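There are 2 protein chains.
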Amino acid sequence: MLSDLEEKTIRRRTIFDGKLIRVQLDEVELPDGRTSTREIVHHPGAVGVLAFTDEGKLVFVRQYRNPLGKTILEIPAGKLEPGEDPKACAFRELEEETGYRAEEMRPIVSFYTSPGFADEILHLYEARGLQKGERRPDTDEFVEVEELTLQEAFAKMEEGQICDAKTVVAVYFWHNRVLGGG
Amino acid sequence: MLSDLEEKTIRRRTIFDGKLIRVQLDEVELPDGRTSTREIVHHPGAVGVLAFTDEGKLVFVRQYRNPLGKTILEIPAGKLEPGEDPKACAFRELEEETGYRAEEMRPIVSFYTSPGFADEILHLYEARGLQKGERRPDTDEFVEVEELTLQEAFAKMEEGQICDAKTVVAVYFWHNRVLGGG
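In order, the protein sequence lines correspond to chains A and B.
For the first sequence, our numbering begins at 1 and goes up steadily by one.
For the second sequence, our numbering begins at 183 and goes up steadily by one.
Please note that a few of the clues may not be correct.
To be verified - Only pairs whose alpha carbons sit at most 27 Å apart, straight line, appear in this in silico DSS-like list of lysine-lysine:
1) A:Lys-70 - B:Lys-190
2) A:Lys-8 - B:Lys-261
3) B:Lys-201 - B:Lys-269
4) A:Lys-19 - A:Lys-70
5) A:Lys-8 - B:Lys-338
6) A:Lys-156 - B:Lys-269
7) A:Lys-70 - B:Lys-261
8) B:Lys-338 - A:Lys-87
9) B:Lys-269 - B:Lys-314
10) A:Lys-57 - A:Lys-156
11) A:Lys-19 - B:Lys-190
12) B:Lys-261 - A:Lys-79
13) A:Lys-70 - B:Lys-252
14) B:Lys-252 - A:Lys-79
15) B:Lys-314 - B:Lys-261
16) A:Lys-87 - A:Lys-19
17) B:Lys-190 - A:Lys-79
18) B:Lys-190 - A:Lys-8
19) B:Lys-190 - A:Lys-156
20) B:Lys-314 - A:Lys-8
21) A:Lys-87 - B:Lys-252
22) B:Lys-201 - A:Lys-70
23) A:Lys-19 - B:Lys-201
24) A:Lys-19 - B:Lys-252
As the list claims (entries may be wrong) - Here's a subset of chain A near chain B, in silico, CB distances under 10 Å, partners left out:
25) Leu-25
26) Asp-85
27) Lys-87
28) Arg-106
Quick caveat, the hints were computed from the structure, so don't treat them as lab data.
Just so we're clear, the structure is a prediction, and the values are computed from it rather than from any experiment.
Heads up, the beta-carbon is just placed ideally off N, CA and C, and yes, glycines get one too.
Bound-form chain A, shown alone (with noise of 0.2 Å):
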């Protein structure tokens, strides 16, 4: 039996399959039993790294994002390669997009980006005990790292230079912190 709120797939049609999305047109029978159809987007989830420095700097990278046409600042983060843990996701990613090596990473929260349409995951880690290496960025990935102190962070929200999910929560969990709540 279905609950009141769910749905039942009828048909499911593979429109696309890319090297980082898969999209998926599915029939539903909705709760009353009448039909719709629901535009879906398979993402392999991804994480996202709180490092500080030993300043209390929180550390960004400055990237540019095709689908926005612009540079924004985010904190370091990736997608998960098929089957990687996330956490050893994390501490690669930071490693590789920053050239600092965490010596623990601890989970804080996991959430889906985009439930209306997608399905990614994104998993949210603090990286401890940060030594400076060496930055390997994928072949087509172009970054500059930036630290900033939370009253800068806010700085950079109110001017829309950070504008994305996880760094919006992630500053918030920042200033919960510094508030004495987190």
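Chain A is already provided as a structure; the job is to place chain B on it using the hints.
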């Protein structure tokens, strides 16, 4: 001239043009002159609403999310109609989904949900002066309304029932305010 981080789109192909999303495959020139492809999902954008009741509880909706295959708890939200003002959309979606009419809508923050592959922007508002009216959900939308204290919301986050970006941002924002930082 391109900056050191920017990409240039060489070719653009529309893969799928649905009722909600449009999927596009771009061939891009990277900052170092090599080429790569980018898979991009276009989305009309959306709003999410923090609506506090007179008792200081926050209004949530429970909704089945097909991409996740489960029912989750979110703040009231919905996608922008073509040409719709985000604030007008916030008033409309809050009333449709919860029955609450608001006197005022105050913008909190806007963010891209998943800048690696989508251009969806989410505008977060705070509703003030709620008056209970009548719910009028979309014909293919089935939601249940639930009102929670901050402590209850954190418990639902721990349990994984609150698990999407906009709602996690909303709960952290609320916590900041309670701690005296908002």
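Next on the checklist: Tell me the hint numbers this structure goes against, listed in increasing order.
Outcome noted: Violated hints (numbers, rising): 13, 18, 20, 26, 27 and 28; every other hint is consistent with the structure.
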